[in-house]
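Number of protein chains: 2
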Amino acid sequence: MKKHNFSAGPSILPQEVLLKASEAVIDYNNTGLSLIEISHRSKDFVDIMEKARALVLELLGLEGKGYKALFLQGGASTQFLMVAMNLLEKRAGYLNTGAWSEKAIKEAQMLDDIYQVASSKDANFNYIPKGYTIPEDYDYFHCTSNNTIVGTQLKSFPNSPIPMVCDMSSDIFSRQLDFSQFGIIYAGAQKNMGPAGTTLVVVKEDILGKVSRKIPSIMDYKKHIGSGSMLNTPPVFAVYTSMLTLEWLKGLGGIAAVEEENEKKARLMYSEIDLNPLFKGFAAKEDRSYMNATFTLENENLKETFESMLKEAGISGVNGHRSVGGYRASMYNALPIDSVKALVEVMSELESKA
Amino acid sequence: MKKHNFSAGPSILPQEVLLKASEAVIDYNNTGLSLIEISHRSKDFVDIMEKARALVLELLGLEGKGYKALFLQGGASTQFLMVAMNLLEKRAGYLNTGAWSEKAIKEAQMLDDIYQVASSKDANFNYIPKGYTIPEDYDYFHCTSNNTIVGTQLKSFPNSPIPMVCDMSSDIFSRQLDFSQFGIIYAGAQKNMGPAGTTLVVVKEDILGKVSRKIPSIMDYKKHIGSGSMLNTPPVFAVYTSMLTLEWLKGLGGIAAVEEENEKKARLMYSEIDLNPLFKGFAAKEDRSYMNATFTLENENLKETFESMLKEAGISGVNGHRSVGGYRASMYNALPIDSVKALVEVMSELESKA
Ligand SMILES: Cc1ncc(COP(=O)(O)O)c(C=O)c1O
Ligand SMILES: Cc1ncc(COP(=O)(O)O)c(C=O)c1O
Ligand SMILES: [Mg+2]
Ligand SMILES: [Mg+2]
Ligand SMILES: [Mg+2]
Ligand SMILES: [Mg+2]
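Here the protein sequences line up with chains A and B, keeping their order. Read in order, the letters of the first sequence are residues 87 to 440 in the working numbering. Read in order, the letters of the second sequence are residues 87 to 440 in the working numbering.
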């Protein structure tokens, strides 16, 4: 039986994507060769890469607006460094909303001066700071749109006077936004876009080329753009599977369609957390993430029962991150609402039992 | 029909590996979940990573000798930079044997001073320089064991007084060597080890920690070692498929067994190149690569006939690199000798026709 997969990442992908990806590992498109044993310079693969890059801009509404999409390696963690290498000249402003923001800050600090415009560390990151000012003489402003670990999400973005860089690793393609307000968007594929192994970077070209530091080739966005996202051998399988997921999303009706589904799933999940006296949400209500719902079970004695009921129902991946504890239900694009229904049912069954 | 796949990389993998990898994309080990949608922190994946890392050291004969194996992202090209970041303090010596060595040199030069101990650029890299001296007060010596583009290979390595770093992207696991003579070995997976998307790095731990520069976390071998090669989300599919290929190699009898096969394939290939008057080898005979045989067709008028005969015989991927021209037959571990026979047959048939 297929499980209800609430994993925080790597995480659930559409079943039809898995089937096509699996098929391509044996024989790609009746070529008599596996997708993973052909040259990345072959027409077959170049077409895949170009299609993936074009789908990104189309789905984000960024076509013809001066943006380029790149499929890189190294995870979002490598972007913590690349962003600073490519943009940091004097000083940058960071919004600190969780463990991932903190890592981004630490990595950028290796290179130069970083200023935290605001932080919610004082409350274990259970809310999103508001009302801060972004200094207009800084190089860029960095934020994390969705905080995967604590389950908070930026519902709106500041009007930034400098290029805004956003780590969207855990909510890219999940909701409609004016994506043209960002200078750089980056996201590890392994939540809403594909398998682990590739990182999407969407860059507004005109913000590049303004730092004096020598940028190593493999860290240079301009070089990656210049080579069509093939500066070196790309992670073929991860790019192909991402392309399939983007096609699936387009087929659904794009971000608008999936956003509607995501809202339904989140509403269902959070109503249960709120109404069920056994559970308590971790994040401040107004800042709750539609992707990762974090909650605790108030009565420790029910833990074992709850977890065996989850197992019984085929629900997997809901354990919370070690730094927060409790539970975390990740409800990415590919998670069917039926999985949320199954989880909510177990939670309410626990209530009737208790 | 399955083709004879001479692709230079990404390149042929064992059929049984492709089948198992394809299966895992649907359902890993009867878990009811795809390999690519489970947490990399799950026992299932941690076991895969640990097995892959252990197999590397076992196959290279490096167990208990102070080495650690890492599966990173970013390709061998990222290692050009990481090596320098982790080891370069004052000056490093590089052996320049081809386009890949040159790129390694250029990237390291971004950080500090590089000295070319020898180069074969004068002859379009068709030979391997010998008799050079490695200064003993340098930080490390870097070489490329196999030059994928031009088809040359180091048959022996210098007795280096300083840590020797080797890019083995295109011949790792293909021949027996005393691997303990190296301080760092790195290799993109996509030739002899697996699909594109992961890079093997084998590091002798005691050569690390000697530079004064601040190393960004994601570039720091020590940090990757400290986190068991899971500093951030690893490229799950590429690591698993590499692990399967390493298991396959162990099952064959390890490097000793595959080396014997590789020698047979190379002998067959080069005899045809030498004996057939229509073809001419590119590389100096004594430095010829057992992995990539480069050759030209002397008579341009036969090009079309030759290429349609190749196609007819189901032979793919033998076009030479644009910088060298002609043809390149890549004969990595997973290429069956029957494929070489098929190619040689076409070459000799061309001779009888001409
Ligand atoms: C918001 C966010 N940023 C960054 C990362 C790190 O991504 P990676 O492991 O691909 O480096 C994660 C991983 O979960 C994340 O959720
Ligand atoms: C010897 C050698 N080094 C480095 C590379 C670059 O590897 P990557 O594309 O994984 O960065 C290659 C690629 O073919 C290679 O053959
Ligand atoms: Mg977080
Ligand atoms: Mg409640
Ligand atoms: Mg070369
Ligand atoms: Mg000849």
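The hints are simulated quantities; they were obtained by calculation from the structure and are not laboratory data. Be a bit skeptical, because a hint or two may be false.
In this list, chains with the same sequence are indistinguishable; a pair is considered to hold if it fits within one copy or across any two.
[Unchecked claim] Below, in silico cross-link-like pairs of lysine-lysine (DSSO-like), each with a Cα-Cα straight-line distance of 27 Å or less:
(1) K106 <-> K88
(2) K389 <-> K129
(3) K241 <-> K350
(4) K176 <-> K336
(5) K189 <-> K296
Each hint tested on the structure:
1. K106 <-> K88: For K106 and K88, the Cα distance is within 27 Å both inside one copy (17 Å) and across copies (19 Å).
2. K389 <-> K129: Between copies only: 21 Å across, 54 Å inside.
3. K241 <-> K350: Answer is within; shortest intra-copy Cα gap is 16 Å, inter-copy 64 Å.
4. K176 <-> K336: neither (40 Å within a copy, 53 Å between copies)
5. K189 <-> K296: Both. Shortest intra-copy (24 Å) and inter-copy (24 Å) distances satisfy the 27 Å Cα cut-off.
The structure shown violates just one earlier hint, number 4.
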